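Enquirer: Single-letter residue listing:
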Amino acid sequence: ETGVTQTPRHLVMGMTNKKSLKCEQHLGHNAMYWYKQSAKKPLELMFVYNFKEQTENNSVPSRFSPECPNSSHLFLHLHTLQPEDSALYLCASSQDVTGGYEQYFGPGTRLTVT
Amino acid sequence: GENVEQHPSTLSVQEGDSAVIKCTYSDSASNYFPWYKQELGKRPQLIIDIRSNVGEKKDQRIAVTLNKTAKHFSLHITETQPEDSAVYFCAALRANDMRFGAGTRLTVKP
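Just so you know, the protein sequences line up as chains A and B, in that order. The numbers in my numbering rise by one with no breaks, and the one at position 24 of the first sequence is 24. The numbers in my numbering rise by one with no breaks, and the one at position 64 of the second sequence is 1064.
Read the hints as simulated data drawn from the structure, not as lab findings. Some clues are possibly wrong.
[Unchecked claim] The calculated EDC-like cross-link candidates involving lysine to aspartate or glutamate, where the alpha carbons are at most 20 Å apart (straight line), are:
1. B/Lys1058 x B/Asp1027
2. A/Lys40 x B/Glu1039
3. B/Lys1071 x B/Asp1084
4. B/Lys1037 x A/Glu56
5. B/Lys1057 x A/Glu102
6. B/Lys1042 x A/Glu102
These numbers come from a predicted model, not from an experiment.
All chains should be built: construct the whole structure from the sequences, respecting the hints.
Expert: Structure below.
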């Protein structure tokens, strides 16, 4: 599946590093999302963008900084992370944020913070 | 905010049997309830969804029911097959905010 792509697929970083996760969607959608998936926990919605504007920020620590330069690209900038931030980070897109549209997920980036 | 509870956390059935997964939500303003299937090492994919103005929806072996008064919805899989083995997530959407349940690991034994 190539509708939503994410890079890198795996990332190991130290607590003092700065790195960025990239997401790209080729579906012509207007909304993009970042989720965190940890073992045995619900998928956690982190950020929502609609037409490049951030519409939701679910109390995410400032060490996670999203950027959405256009409707097709979404970044998650990471700095001074903690070991508990290790998780699978999933990007998703949908036609719009309201009204109940299917969200298409990317393959995720497996992040390990050492 | 919305809180979604999902049960059971694990479910094991024999091939051909039915499987039922239940979710409850707390915010009566939630109006869209999708179900996602995530196979091991793969991304979540939508399998069925229901909106708040509908009580039941069916797609071949999969059905979803919604009880708005009780604020719960359920996924029903009939004639289960080994390829149905996966983690299933329910979710509830209110405005921009999609909240997911913790997931149910379904194992279908041949």
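Enquirer: Please go over all the hints and tell whether each is borne out by the structure.
Expert: Each hint tested on the structure:
1. B/Lys1058 x B/Asp1027: violated (24 Å)
2. A/Lys40 x B/Glu1039: holds (15 Å)
3. B/Lys1071 x B/Asp1084: violated (26 Å)
4. B/Lys1037 x A/Glu56: violated (24 Å)
5. B/Lys1057 x A/Glu102: Between B/Lys1057 and A/Glu102 the Cα gap is close to 16 Å, so the pair holds against 20 Å.
6. B/Lys1042 x A/Glu102: holds (17 Å)
Checked against the numbered hints listed earlier, the structure breaks hints 1, 3, 4; every other hint is satisfied.
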